[in-house]
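Make one complex out of these two single chains by using the hints.
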Amino acid sequence: MNNNFLKFILITFILFLLGALLVFYVVENPTDSMVERTLSPDNIWRTLREHLIIVGVTMAGALAVGIPGGILLSRPRFYYLGKVFENIVNIGQTVPSLAILAIFYTILGLGFNTAVFAIWLYSILPILRNTFAGITSISDEIIESAKGMGMKNWRILSRIELPLAAPIIVAGIRTAVVINVGTATLATFIGAGGLGDLIVTGLSIRRDMIIVTGAALSALLAILLSFWIEQLKSYLVKW
Amino acid sequence: MIRLDNLTKHFPGLERPAVDGLSLEINKGEVCVLVGPSGCGKTTTMKMINRLHEPDEGEIYIEGKNTREINEIDLRRRIGYVIQEIGLFPHMTIAENIATVPKELNWPSEKIKKRVNELLELMGLKPAIYRDRRPPALSGGQRQRVGVARALAADPSVMLMDEPFAAVDPITRARLQNEFLRILEQLEKTIIFVTHDINEAIKMGDKIAVLRKGKLVQHSTPEELLDAPANEFVTQLVGRNRSIKRLHLIRVEDIIAEDFDKYSVKLDCSREVIEEKLTKSEIGALMVVDEQGCLVGRVDNRSLKKKGDSSEELYDEIHDQVTADSTLNDSLSVMLESGEGYVPVVDEKRGNFRDIITLQDLLQEVRNEDEQ
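Protein sequences, first through last, are from chains X and E. Going by this note's numbering, the first sequence opens with residue 1, and the numbers climb by one from there. Going by this note's numbering, the second sequence opens with residue 1001, and the numbers climb by one from there.
If we strip away everything but chain E, and leave its shape as in the complex, we get (with noise of 0.2 Å):
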């Protein structure tokens, strides 16, 4: 899909060059993630490949075609370019922005209100409310989003996101992760992620390349990557609690049971029923449900002291969970965050209660993955 041949990069006054003869394969349909410490040339290999800059030697081919022989500017509008929030244009409204590419490409106006309007459903943002405000009027995320939506505008297969969630906090950064990869998984696109992060590129890259001082250090799957880093650099690179980095390669919903019965209750639950299912519960509390499913509030012993007969009177509120498709780190995180040794697992569309998820069964996760 994407290769590249021998690439070399010397911007004039520096020592050495900035991209050093790199050759790399990208497959359709592959996420894959460069990642290095700053001044690896991670950047400027993904700039030559939208030809931001021009390679001093070798080649760059996209389905077999030299990007050399294709006009820059068709190149570009064919290939999606994420930047740091800051790319947005702020004059414009977050519709216009999106529509940036189907505008250049002179789609009438019809289509491209309909393109933007998909898109910002894709990203959770609800048109009505957020066509027309200006980028500086929403959150980090939210730009974040719209950032991701622009590049997806004219339908690209090829997609180049330089550090897209990085200006943002842990928290919204693990949720648009997450929120991307779902999106992936409806749309093949082969993705080029420039990261200096190395759980983030666990976490998303189907590949990661290691980048160090131009060259390619290794080319491999995030678990090969964990198990056998080609040498002292990538080792550095990935860090001692490589069982902990392997959290982010599984999902919640990887490891949950959809135990929902055994800890959970309805609105209209009487307290003996709490009190017992109490008594069975591992965790010593039980979540409160809607008629739909979704999470309201939990209950405990402590919340028995309450007067009240039912569990819609007695329960408390509840502020920390995780969706289904969350990895595993992010639930460790959530626990730490709360102080609980447990987090309830929710459906990441409908917000139904499906399960918890403990510290012994992350616990139980580490031991597994060591032991193979």
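Isolated chain X (complex conformation) (with noise of 0.2 Å):
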């Protein structure tokens, strides 16, 4: 446990280390006037802000719809609804994310609103179906047994399924949370603003170091929520 902590602290502090001096080296290096704009700290902290709500909005989001949805769905009254649930969501995973964002923006027009929208919902999907298989996939005599020992239902979900069902969810929700940070750089198309901007701009005006700020502090992002959860995981599962 201490070890674990420590490694964690650890890990953490690199990582913001590395994002800090990143954004000291390019705000204090500037190659000319148009990244020295570009990159003041004002605007990559609006940009890193905006990216952070959009995450932070759409994965509570997700995880408050896709846990409960994944719970419900694999009642045994809804099972065969959960079974036709996860094709469809296997079917909606495969939709690349820049054409769910166009085709939010069709029906919703431009705006943060949107890209929120889309990206819930895009990230409900490996939460819901990861959550209904970890739970469907505990084997009957388990279960079972449970019962037969005069557990109440909500029982045996509190201490039987979901605990044994952990793993799995966590792993959805990991992979929900790297989808989600890579999708919110794509905000930036229908004006949503996030790193994407920072990309898309520096892609425009082509300077490299403009592009790269966006790039890495987005990858460093999704590295360290990934690292989170994996730590929260090991917490979780002590099997």
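There could be a bad hint or two in this list.
[To be verified] Only pairs whose alpha carbons sit at most 30 Å apart, straight line, appear in this in silico DSS-like list of lysine-lysine:
1. E:K1114 to X:K152
2. E:K1189 to E:K1262
3. X:K238 to E:K1065
4. X:K238 to E:K1103
5. E:K1189 to E:K1126
6. E:K1113 to X:K238
7. X:K152 to E:K1103
These are calculated hints, taken from the structure and not from any lab test. Owing to the predicted nature of the structure, the values given are computational and were not obtained by experimental measurement.
Given below as structure tokens:
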């Protein structure tokens, strides 16, 4: 435990340090005035903040819908509906994330809300599917022996099903976060800001430093969140 | 104690009912074994007792109370339930697994801890070692012991056991069966035991209920089942070698004469005494025991070729032995396994050498039974 905690602190610190060093370097050493304007501390902070808000809001929403939804579909009476849903999700996941944004742009128009809605919908899929799959993959004997010993249904859910499905559920959340951070860089195309702004600006005025800053910060963010979730898993799953 | 009254259960989509008008009465403190081929309705019958399945027709009474009138959660907490080892919760420690029902009943944690330790001791698992392990770290036999301990946790008067010893090798199974029978001598439990293995049924049951296609074919003691099978089906199930099957019903301790002096020598015994005693030993070997009387090895004419003057220097190790609570059939298996015509008998608790049991003894028993 102690060792794990140290590892958690150390790697988190290193990732933050890398990000800070990168920002510090590009702010101090701009190659020209256009780079200086785009990579001002204010502007970097604005794009990062927008990015974090998109990721935070959509992930919170996806967790709030995906996990209860997966639990609900895993109940015996909804099992077949769940199977159908699983297939729909699998198809849904094959649609590229940029296409999802584009589709919702045609329906809801430009803006932050459209991006949040589309990315939220896209992030629900892996969480919902893994929650459903994790719970339904538990062997019948285990559920039956819990029942046979007089555990109530909600106790079976909280003490048996969720703990046993936790590794698979957490894996789904991790997939969702990684996709989410990546898709959020595309939000700039429908005017929702985020670190994608830096990348697109850099591309249009051909300044590598701006592109690299936007790309590296979003990559670091994805690595950090995915690492945190991995740590959460080793905390939850002790067997 | 438990009365099944005209039970019928029909699963949707199946032509014939899984259980068809079954009536059965089980007395207090009795082990009733439900036996029959797969699909005979034995597991379904058992699951109707704790209402995992609801009967379509018929009633079940436990201590005179109709189970339909008891809340199903309360009912299940009062009935111990053991299924094959796979029913343990893999994410919980052994202690947490055993504490399942006490926790549902909101026992104080001190009481739970005490009870868990008590049960682990009863099952021969040291609490200090096993409490905090998880099921995947245990052997098959240990997992099944934990399964039994978990069912005993809240001291239920009724236990349902669905092939509880099926998933282990035959030798471990025989040991678990003997242990369980010994535990039962100390606790008064009414037990419904489901198995497809007629040998297990004969060994474990006070009464055996043979089921076929959801109907009761015969309900009798193991002896009656062997002596007077109700029909061709039961005869087939019991098989031809009924005298051998009877060996399941007799324990080693019932036939041994405690002749340990005749067959054993101490560690410090001299070569001369060994030679002299060997000539009198009918099995051509002597067992070597330590100060406490525990079996450590054996000497025979071949070991005398070794150098050395006392049994301590001469003895060979011995691996095959049976405990006094084993059945004659268990000792026959061990003899066949080891290729010797005898096997030493030791005390099941302290490991003391008690006697030798030979193939001759077993044949004599079979003959005696046949004459009766």
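Here is how each hint holds up against the structure:
no. : hint               : verdict
1   : E:K1114 to X:K152  : 25 Å, holds
2   : E:K1189 to E:K1262 : 40 Å, violated
3   : X:K238 to E:K1065  : 43 Å, violated
4   : X:K238 to E:K1103  : 20 Å, holds
5   : E:K1189 to E:K1126 : 24 Å, holds
6   : E:K1113 to X:K238  : 21 Å, holds
7   : X:K152 to E:K1103  : 12 Å, holds
Comparing the model with each numbered hint stated earlier shows that hints 2 and 3 do not hold.
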